[in-house]
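What follows is the residue order along each chain.
Number of protein chains: 2
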Amino acid sequence: MYSEKLEKVFGAAGVEIGDIIEVESKDIKIEGTLMPKTEMGDPNTIIIKMKNGYNAGVLYGENVKIRKLKSREKIEFPLSPPKVSEKLPRVAILWTGGTIGSKVEYKTGGVSMIVKPEELFYYIPELAEAANIVFKDVSGVASEDMTYIEWQRIADETAKALNGGARGVVITHGTDTMHFTASVLSFMLKDLNAPVVLTGSQRSGDRGSSDAFLNLISAVRLAANSNIAEVGICMHATSSDDKMHFIRGSKARKMHTSRRDAFRPINDRPIAYVTHSGDITYTGDYRKIGTEHKKTIASTKYEPKVALVKAYPNSDPEIMDYYVEKGYRGIIIEGTGLGHTPTSVTHKGRSWLPFIEKAVQKKVVVGVTSQCLYGRVNTNVYRNLRLLSNTGAVHCEDMLPETAYVKLGWLLGNYKPEEAKEMLGRNLTGEIKERIREDEFLI
Amino acid sequence: MYSEKLEKVFGAAGVEIGDIIEVESKDIKIEGTLMPKTEMGDPNTIIIKMKNGYNAGVLYGENVKIRKLKSREKIEFPLSPPKVSEKLPRVAILWTGGTIGSKVEYKTGGVSMIVKPEELFYYIPELAEAANIVFKDVSGVASEDMTYIEWQRIADETAKALNGGARGVVITHGTDTMHFTASVLSFMLKDLNAPVVLTGSQRSGDRGSSDAFLNLISAVRLAANSNIAEVGICMHATSSDDKMHFIRGSKARKMHTSRRDAFRPINDRPIAYVTHSGDITYTGDYRKIGTEHKKTIASTKYEPKVALVKAYPNSDPEIMDYYVEKGYRGIIIEGTGLGHTPTSVTHKGRSWLPFIEKAVQKKVVVGVTSQCLYGRVNTNVYRNLRLLSNTGAVHCEDMLPETAYVKLGWLLGNYKPEEAKEMLGRNLTGEIKERIREDEFLI
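So the protein lines, in turn, are chains A and B. Residue numbers for the first sequence follow this note's numbering, so the first one is 1 and each next one is one higher. Residue numbers for the second sequence follow this note's numbering, so the first one is 1 and each next one is one higher.
Be a bit skeptical, because a hint or two may be false.
Which copy is meant is left open, so a pair is good if it fits within one copy or across any two.
[Claimed, not checked] In silico DSS-like links for lysine-lysine, alpha-carbon gap of 30 Å or less:
hint	residue 1	residue 2
1	Lys301	Lys160
2	Lys70	Lys295
3	Lys295	Lys29
4	Lys348	Lys160
5	Lys65	Lys348
6	Lys433	Lys294
7	Lys70	Lys294
8	Lys8	Lys433
9	Lys136	Lys29
Think of the hints as simulated: they come from the structure by calculation, not from any bench.
Turn these sequences into a full structure, and let the hints guide you.
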């Protein structure tokens with residue numbers, strides 16, 4: 001909500017939320033739609049959505065003048081969809097919700113979801129110029145509530161869209177678990193010959209610094225114009241609006257709770273950057289779209305009985321027994337450093353080794369990753385690492401814990417345990433790299 | 001081991017491991033001790049320890065000449081300890097092992113631990129010029145096997161050293177769990193009025209690129225000369241040898257499995273940098289050494305029945321029951337994004353909320369952090385976050401999951417559950433900051 005003071009100013013100027021207004025101060029003059037305020041923002045900052053789609057915030061003070069230009073449009077849905085050119089590349093947008101799908105109700109100031117394509121084009125008319133958009137509402141599940149059932153549905157819809165003639169697919173997604181979904185899709189989508197771009201936003205469209213608009217239009221441009229045949233995430237590369245990056249799905253991670261540039265490549269570099277105006281620069285190695293037209297296969301079988309557990313000082317190795325007894329078929333351990341668990345029995349310390357050994361003997365596939373996130377696990381440096389490796393656990397190279405987790409669920413859904421075990425430590429789609437470059441740390 | 005080719009070259013030159021040699025190639029000429037080779041290194045690179053303590057690696061090739069200058073010294077322990085000046089500040093080195101404590105046996109090429117101070121001074125004579133060193137062997141436990149028992153012992157020994165007249169304390173430690181130890185010490189050491197510096201090395205002293213020497217001498221210089229009254233970690237700030245940084249213990253994390261600059265500040269900046277030659281620059285806010293001489297109190301009670309669990313797609317909330325039934329008194333959840341767990345019951349999704357609620361009702365203290373690591377959890381942005389907060393779980397601001405974990409163990413060892421719960425979300429020693437600066441991301 002705006003401050004009482006500002007509400008009075010609005011009242012005096014005859015201005016309502018949704019009106020086109022002009023705000024003028026000593027330094028600037030802005031024209032646009034007066035946006036409502038959520039509880040998060042500073043109540044004395046006026047938010048204006050400008051014609052170019054950006055929101056601007058102007059701190060109210062004595063020298064700030066507000067003038068009404070036009071009363072707010074009454075938006076009546078359904079609007080007619082925009083004319084789209086069949087000559088533009090066809091891009092399917094699969095809508096799963098998340099912050100990017102939220103819009104502000106001008107009347108109530110509350111946040112609700114965009115579910116109709118007509119609304120999307122109303123908010124971002126540039127979409128119709130970038131591609132021939134086909135819109136599909138896939139699931140309204142919040143990011144934190146996604147499960148493998150949603151992953152399967154998204155994979156199926158992606159394959160369907162591509163086999164139905166789409167040149168690329170954009171998937172809007174909440175940011176919390178977007179990297180889990182991007183990662184599992186890179187395994188589920190076989191013979192992929194098109195860009196599949198997940199995107200979202202860290203700040204909803206009603207906030208002055210929303211990244212929703214640029215992320216979505218950039219994702220659509222990547223899907224329409226890039227020659228990348230991989231699943232990846234397109235989000236802000238920096239905290240300003242100068243460029244977005246496209247990160248390989250299995251190498252991406254949300255590394256900040258709220259920044260717009262929260263998604264970072266781990267042990268990798270972005271595959272490409274997209275500027276504000278849509279120019280694409282390729283910066284990493286990637287699989288290119290081939291000339292042979294192949295059908296995309298959605299291989300969506302998934303074993304949900306896989307756990308992701310952390311090893312740490314004082315940690316209780318009986319957690320392995322817990323999952324084994326519950327019928328779990330795979331466990332990914334986030335170990336310390338080069339892939340350690342507590343290994344020796346010292347004072348109050350308990351070794352994980354006999355528990356891992358027991359799980360492996362019961363055909364549970366156990367993988368070891370590092371909670372450092374960056375770098376590679378390695379069984380050769382220290383004796384304790386070799387002891388752990390000798391239990392039959394698979395050290396997962398430079399794979400992210402999250403990627404190892406969804407990969408193991410996918411492998412156990414499709415292969416026998418011994419095959420899954422062998423494939424876990426081997427690169428399938430770019431999730432394991434032979435070499436991490438010196439500058440691929442904290443990008 | 002060196003390659004067969006190199007062994008022959010050494011044989012022809014009459015050179016043995018441990019001899020002082022000169023290696024000359026087109027570009028360089030190096031004099032120093034020929035070091036043995038571990039299994040990790042390139043077998044054709046000659047490792048020479050130079051007088052200044054650094055190791056250099058020279059790739060053997062046709063134009064490389066090797067000349068013996070002096071036969072290796074027969075090191076007979078005990079050596080006499082070096083003369084130390086009582087005029088220098090007294091620094092206690094508490095030796096807990098880890099890679100930094102490893103040395104190479106010239107005869108076997110195997111790695112063993114340095115346990116005698118005489119050996120330490122033999123390897124790093126500069127130590128005697130930096131401080132009046134008092135050496136104490138505290139525990140030979142590998143980093144991955146540390147438990148709260150070792151933490152308690154290290155805290156006791158630190159307080160003892162400081163109250164016995166040491167100006168500062170250096171603790172050598174394996175790197176895997178160094179940040180857990182540094183973090184818990186920041187809670188255990190009360191009325192701290194001196195620098196307590198943890199250090200270690202990512203590469204053992206027999207490797208060309210070892211960071212052991214510079215990290216240890218820099219840590220000693222910080223302990224001897226800085227005006228910081230906090231517990232922190234001193235390790236390489238960059239991948240070259242130009243500077244080391246001192247990071248607040250509760251804000252530090254090992255972010256890479258093998259790089260020398262693996263330790264990074266999270267939601268913080270380094271408190272200080274130390275150059276190669278020992279110059280200290282202060283860059284962050286920190287508690288300064290006060291003029292009042294207070295006794296350092298080791299408040300070491302600790303409740304080990306605390307768990308660190310991760311919430312992720314398809315995760316099983318019954319893990320909460322498991323720990324509650326095992327008598328656990330605290331659980332830290334690594335949530336997604338702003339501090340979410342699965343919250344809605346959708347398709348196959350299961351909400352964590354009733355399980356968290358049940359645990360809280362049984363007086364188990366539940367804290368929520370973010371697996372993003374960077375940024376702050378926030379219960380105000382989304383409805384699901386408020387629902388989670390309403391269960392009685394404590395959202396832990398910008399605290400690292402590892403710090404929240406050791407803090408809760410320490411709190412429950414010393415306070416009643418309701419007090420511990422209140423203190424968990426409140427800053428005690430710098431582990432929670434009111435504001436994260438724009439440039440404190442991926443430093």
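Structure-based check of all given hints:
1. Taking the shortest Cα distances, Lys301 and Lys160 sit within 30 Å of each other inside one copy (16 Å), while across copies they are farther apart (60 Å).
2. For the identical chains of this complex, Lys70 and Lys295 are neighbours neither inside a copy (51 Å) nor across copies (71 Å), given an alpha-carbon limit of 30 Å.
3. Proximity of Lys295 to Lys29 under the C-alpha cut-off of 30 Å is found in neither arrangement, the shortest distances being 53 Å within a copy and 61 Å between copies.
4. Proximity of Lys348 and Lys160 under a CA criterion of 30 Å is satisfied inter-copy only: 23 Å between copies versus 55 Å inside one chain copy.
5. Proximity of Lys65 and Lys348 under a CA criterion of 30 Å is satisfied in neither setting, with 69 Å inside one chain copy and 54 Å between copies.
6. Within a single copy, Lys433 and Lys294 get their C-alpha atoms as close as 26 Å, which meets the 30 Å cut-off; across copies the closest is 53 Å, which misses it.
7. In the homo-oligomer, the alpha carbons of Lys70 and Lys294 never lie at most 30 Å apart, since the shortest distance is 52 Å inside one protomer and 69 Å across protomers.
8. Neither within a single protomer nor between protomers do Lys8 and Lys433 lie at most 30 Å apart by alpha-carbon distance, with minima of 60 Å and 36 Å respectively.
9. Taking identical chains as interchangeable, the C-alpha atoms of Lys136 and Lys29 are never at most 30 Å apart, the minima being 39 Å within one chain and 68 Å between chains.
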